[in-house]
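S.K.: Here is what each chain is made of, one letter per residue.
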Amino acid sequence: MSALAHDGLAMAGRQLRRVRNTPGLTVLTQLMPVNMLLFFGYVYGSALAMPGREYRSFLVPGLLVATAAGGLMTGMFQAAADTHRGVMDRFRTMPVSRAAVPLGQAFADLVVTALGTVPLLLVGLAVGWRIEGSALAAAGAVGLLLLFRFACTCAGIFLGLLTRSEDAAGQLGASSFVLPLLSNAYIPTGNLPGWLRTLAEWNPISAVTTALRKLFGNASVPGDSAWPVAHPVAGALLWSLVLTAVFLPLAVQRYAHGEG
Amino acid sequence: MNTTYAVLSEGLEKRFGAVHALRGLDLAVPQGTVCGLLGPNGAGKTTAVRLLTTLLRPDAGSARVAGHDLVREAAAVRRRIGVTGQYASVDGDLTGRQNLRLFARLHRVRGPAGRADELLEQLGLTEAADRRASTYSGGMRRRLDLAASLIRQPDVLFLDEPTTGLDPASRTRIWEAVRELQTDGTTVLLTTQYLEEADQLADHIALVDRGQVAHTGSPAELKALIGSYAEAVVAHADGLPDAAAVLDQLTGSAPVFDHERGAVGAVTTDPTLTLPRLVRELDAAGVPLLDVSLRPPTLDDVFLRLTGEPADSKELAA
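Chains as they are written, first to last, in UniProt numbering: chain A, 1 to 260; chain B, 1 to 318.
Bear in mind the hints are in silico, worked out from the structure with no lab data behind them.
Heads up, the beta-carbon is just placed ideally off N, CA and C, and yes, glycines get one too.
Chain B regions said to be covered by chain A (calculated; three or more residues, Cβ under 8 Å): (1) 53-64; (2) 71-81; (3) 96-108.
Please work from the sequences and hints to get the whole structure.
M.R.: As structure tokens, this is what we get:
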């Protein structure tokens, strides 16, 4: 276990160093959700029935979760790039704890994500979003957000190890952009046609977004929703735990197994 | 005296779908020697190295590397090997120094920073130490790769085409490093497409062809198997039949004509046939000589003869 901790820390340190070495990329990644907040918040916000300020308050938790879901993309791209460029193989030929490589990457990603949400929260505050609940509930919201990010990153790492190609990972990653569009992250799902609404509400992003809205005190839970959205905190927790329980072992096994 | 083998494999097999990449690879590399793995593209060299470095699992057969079973004691093998090659690479987003410190930490080296500095110095990378590895030239990158596999002096070092695409100066530098390692007792398994490289570095060579070891021996032994090539270039085409007759008599093998160059040659395995004797005999027969040569075979010739294929298609094109 101490070998895992030692190697995992070394691996996490590697990921954090490379983030520091490529500041341009990091800034660009973090500007994305801020741009979307301004774009959606003012362009869509003025076309929706919901008043603009209210929509922007509704949007901030949605964007936080959509950004967290981006762990799927970053996890996948990073793991595919490391595989493609031979870094994974170097680690595989070294006496490195098998779980340390995926775990180190996922934990380093959490640190970056935690720091990365700060600009979005600040701009959110500037455009009218507020923490309207208790500080404890808000801390719980952040906790849920990071747990969900961890789950998405694990799934991404597994897929990245599976695809092994940076190009394929880039394509898949780009298409993962639609995942939050099929959820209640940007729009309320109440007016969607029945089957689409069911699909959107069983999207894990919807449960986590609703949980954040509830814990930040931004919006009440819509009454007649699917179970994960009707019980958002439990739903978000369960989704994150189930995704982690499935994809973390798969990622570790895939890393250890290599190409056979 | 018993020979200890740093790498000993028996009947290693590996299939990828319909491709039978290794068909029973038997390899024995005595400790402290440099073994060159040579073979045409697709012969199975890289698959062999990937198996022996624990990156792939064999479908059948067994191997011991640095005294440990490849499959059952993979972790122990990984503590004792170093790998440098086309695939096992460094992280381009980290600086040279950060890379080496990371690997030193993972190898549980005491004072990883100090070890990183030593290796940077040893491989002439101190000045570039704090630049990202992605900005390195090919030669610098390869030296960093090599440094990464030397963090803890490995018992067995695997070098997969260590100097492919490098300029002569970088190549010489890598060769020096390999020779130094051998002096320190490290066993080296080298794959290369440069026959000169195997000639320069390897104590013995294993020719790999269609997933098996086709021949083994020292570079000299393999060359002796093939013989030297005696050739005369004549001033007038009229001299060719006389030259051919002399060569035929001296070598006992059928002369080969190259009419364009006005040359005729023959293969010889006779050690008493020296260049002065060749010149004297040709001159005595009244052959109007322009040039005479007695060329030891290159490993290219060895290859062509023993496997029926050139060493590497790229090598021919270059």
